[in-house]
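Visitor: Could you slot chain L onto chain Z? The hints should help.
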Amino acid sequence: MPKDTGIGASSKRREDVRFLTGKGRYTDDINVAGQAHVVFLRSDMAHGRINSIDTADAAAMPGVIRVFTGADFEGVGTIPCGWQVTDRHGEPMQEPPHPILAQGKVRHVGDPYAAVVAETAAQARDAAEAIVADIEELTPVIDMKAALADGAPKVHDDLKNNLCYDWGFVEENKAAVDEAFQNAAHVTTLELVNNRLVANPMEPRVAVGDYAAHDDSSTLYTTSQNPHVIRLLMGAFVLGIPEHKLRVVAPDVGGGFGTKIFHYAEEAFCTFAAKAIQRPVKWTSTRGEAFMSDAHGRDHVSKIELALDADHNFTALRTETYANMGAYLSTFAPSIPTWLHGTLMAGNYKTPLVYVNVKAVFTNTVPVDAYRGAGRPEATFQLERVVDKAARELGVDPVELRRKNFITEFPYQTPVAVEYDTGDYNATMDKLLELIDRDGFEARRKESEARGKLRGLGLNCYIEACGIAPSQLVGQLGARAGLYESATVRVNATGGLVVMTGSHSHGQGHETSFAQVVSDMIGIPEDQVEIVHGDTANTPMGMGTYGSRSLAVGGSAIVKATDKIIAKAKKIAAHLMEASPDDVELKDGAFTVAGTDKSVAWGDVTLAAYVPHNYPLEDIEPGLEETAFYDPNNFTYPSGAYACEVEVDPETGKVDVISFAAADDFGNVVNPMIVEGQVHGGVAQGIGQALLENCAYDENGQLLSASYMDYAMPRAHDVPMIKVDHSCQTPCTHNPLGVKGCGEAGAIGSPPSVVNAVIDALQSAGHDVTHIDMPLTPPRVWAAMNGANATGGGGTAHGRSVGAGDTATH
Amino acid sequence: MEMTGTRTIAAPPQVVWDALLDADVLKECVPGCTEMSGNPDDGFEATVVQKVGPVKATFRGQVTLEDRVEPQSLRLSGEGKGGAAGFAKGGALVTLTPAGAGTELTYEVDARVGGKLAQLGSRIVDSFAAKMADQFFERFQNAVAPDAPDPAEAPAPEPAASAPEPAEAQAAPEGGETDQSKEKKGWFRRLISAD
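Those sequence lines, one after another, are chains Z and L. Following the UniProt record's numbering, the numbering of the first sequence begins with 1 at its first residue and continues without gaps. Following the UniProt record's numbering, the numbering of the second sequence begins with 1 at its first residue and continues without gaps.
With the rest of the complex left out, here is chain Z:
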């Protein structure tokens, strides 16, 4: 039976009322009295040496308050990186400084090298035009393999070369993996690109810096997924502001998808400049700026090899990946192609030997970091594509090949460090097959063919590690932060309560689902529970929202804090009822004593806590407020099976997604409607990656796709109705809610099924096409069908990630 309230109910999202009626309060809605506006002057070349910057004319322009250049930030810290990866030889990664404004060189199109603060944004923009910069153009490095060649121009002159790190995982397995390949009955090899994407949250980034001279404190309002992380990084590493003098507020945030995790130069600039000019300073990104200053996602070039024995058991897996870091290391960039990617290469399969090599490369492009899925989509795409290709080469059913190799016993220790606590991959596959009517596919294909279209069915499995993350483990892996989560539950005298969470909601519906959890635990209406987040001044130190962690980690902290509240409330109730606390039960908002008819209401107990006239003051303190920090002891492992049916127009190469189905195992589900919405959004982004989206650079490092004219976002008509099922539930074994996280699954699981489906369609018409690189635009698909260069330029896989210069259109 569907529930009406509490855990398991599809409560309507309370936050949507303000979002849908235009009453959300976003960072750009925040205007501080007396604020000035900053416009950044950004490099229009990919690589150049700054000989001089003449700001005199600009400084004299109307309304200009001050013009800043890199020289103003000498002695100030640089934007830090939050993760240090150790390479195959035990050496730490190369870590270049990332100044707030470029010093010495500009390193990508969009790199800011001057900033004008003026009374209005228009005046600042005009004055920025008057800055005369003598920047000597240098040869850029764009292609990753070329960037690693001897003698290649260096993005950072002080580094040895453009190689950030060369990572091997698990290095000790390398020889055994190589040997398994020598003994394999069959080896399937695939070279592919995971295309560079731009996150494109609906709300561009905004920062407002404010300085209060009366108490020497700074406030930053910013579009962030994790205000405490920004406070720590910016305060401690960039500007030297102690945390008790720095407040970071991330109010309503209109989508993040990872790109709003990171600490950006513009945040530090506004905070710094507000103090320097003693005026609040505001920056609002334009959409064009967002394309060249928000961290990008993906951009891997990989070769994957799968070894099988004569019975089609997977015996070993080997990958080599070039991962683009861009020009600077964004906050979590080094961890994405390594610990969030290599550890997932076992997938849903009991492959005993896995070796992953990743070369992270600096190029003269926008920095690359986490984007919805972050490393796990890259792992899943390679693996599920190569498994599909192996099935085709061997002439076996792709479902049966997968089933044969599924992990079926849990917990399962993978050869790539992580231990899956629970899962049932056959169950989600069974459910998927039920959803898609696989037996009816041939008839549907014939029907399409009768209309002159090629029809394909693609499917794949996925597993991801989320609920990020056990702090001690990630500390050993190079994280420079803990990844616990926090919550404070403050019960008011009249029984309502406020949950102050370190998680941050930017579309996920926390205000609804977190309230469902607490209301369910206490037995009070959901509207008695207020969820507060996004302000370091009124929430405990938390790590924010990414990696599908909010319910699994943040929700667990809320459960722990609420457990403490209930334990204390029971003591108060026991006192009121003159009973032993051990005999007191809380149900439906009332405390009872087992075996008696004694009862006190929740509100009576909360009132007693704040009006302690009849209260066990000798045993417990007044008040009812508890804080908990929850540090998970493992990742969570959502998994599932996805399928996609496409029609390809053989005349044009146009791909239409006809149907899509997702069978997920998210463990327990708090709000099924929100979960379904998360999957919908993720699948739409996955279809976008597979068919439409491509961040393209030309060989000179010019960003070619910096508007919606050239960067094709999925639209409603590109996405079919999506069948979503989450009835297969193997609850997480190590968090109190038994939840696994659902925010990224759709984006992780969907691209391979789309590409598998297109390949299936082409093969059905006799085209010997085994791979097409994403996005599968009509020109690429048409070229593949007609034996032309299917990848849009660049003879090698390395050349294909950038430099191809082709962008998709609707």
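Hints in this document: simulated from the structure, not taken from any laboratory. Check each hint, because a few of them may be wrong.
Unchecked claim - Keeping only pairs whose Cα atoms sit at most 30 Å apart, straight-line, the calculated BS3-like set for lysine-lysine is:
(1) Z:K23 - Z:K12
(2) Z:K154 - L:K81
(3) Z:K145 - L:K51
(4) Z:K303 - Z:K389
(5) Z:K404 - Z:K723
(6) Z:K3 - Z:K564
(7) Z:K154 - L:K89
Computed from a prediction, not measured in an experiment: that's the story for all the values here.
Guide: Below, chain L alone, put in the same frame as chain Z:
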């Protein structure tokens, strides 16, 4: 971006050569040019107002001439900066060969754009450049040899993707020349024949 082309101009190579090195001719012929100064030895400085797709900007730039072999060939290189719109830079090899009473002019252009021009305009830069070339040579033809029969090599400007610029309207479609362009006809030739 690479662009090559050949035009037949109804004037002898020396006339074409002199015109190509004349700042006033260039100012008249370069679409959107509002200022042009300099000389062949020191190079030219120019200001050009143009709209590439959604990006409208004033470009200021220098052009230098190298490898001059009068009246056969020369190499131009230059760069224009358009402020927030980005930049364009490149070079062109121009060769002149006698063709009957006229001149066959061949050009090989290698140019590239940066900044907002690349971000927003890359899809249309090639066709924009082709249109610029067409306009330039149509005006150039009119400047040096107004009475020549319409050279087939100078195709009409292609349909504009965006609203036509005033300059483009001035360039006039084939057949219906405006009074304004009639006035200008052959002024360069008149100038040099008066010498």
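Visitor: Work down the list of hints and note, for each, if the structure agrees.
Guide: Structure-based check of all given hints:
1. Z:K23 - Z:K12: Within the cut-off at roughly 17 Å; holds.
2. Z:K154 - L:K81: 26 Å, holds
3. Z:K145 - L:K51: The given pair, whose Cα atoms are some 37 Å apart, is violated under the 30 Å limit.
4. Z:K303 - Z:K389: 13 Å, holds
5. Z:K404 - Z:K723: At roughly 26 Å apart (the allowed maximum being 30 Å), Z:K723 and Z:K404 satisfy the hint.
6. Z:K3 - Z:K564: 26 Å, holds
7. Z:K154 - L:K89: Judged against 30 Å, a Cα distance of about 23 Å means the pair holds.
Checked against the numbered hints given earlier, this structure breaks only hint 3.
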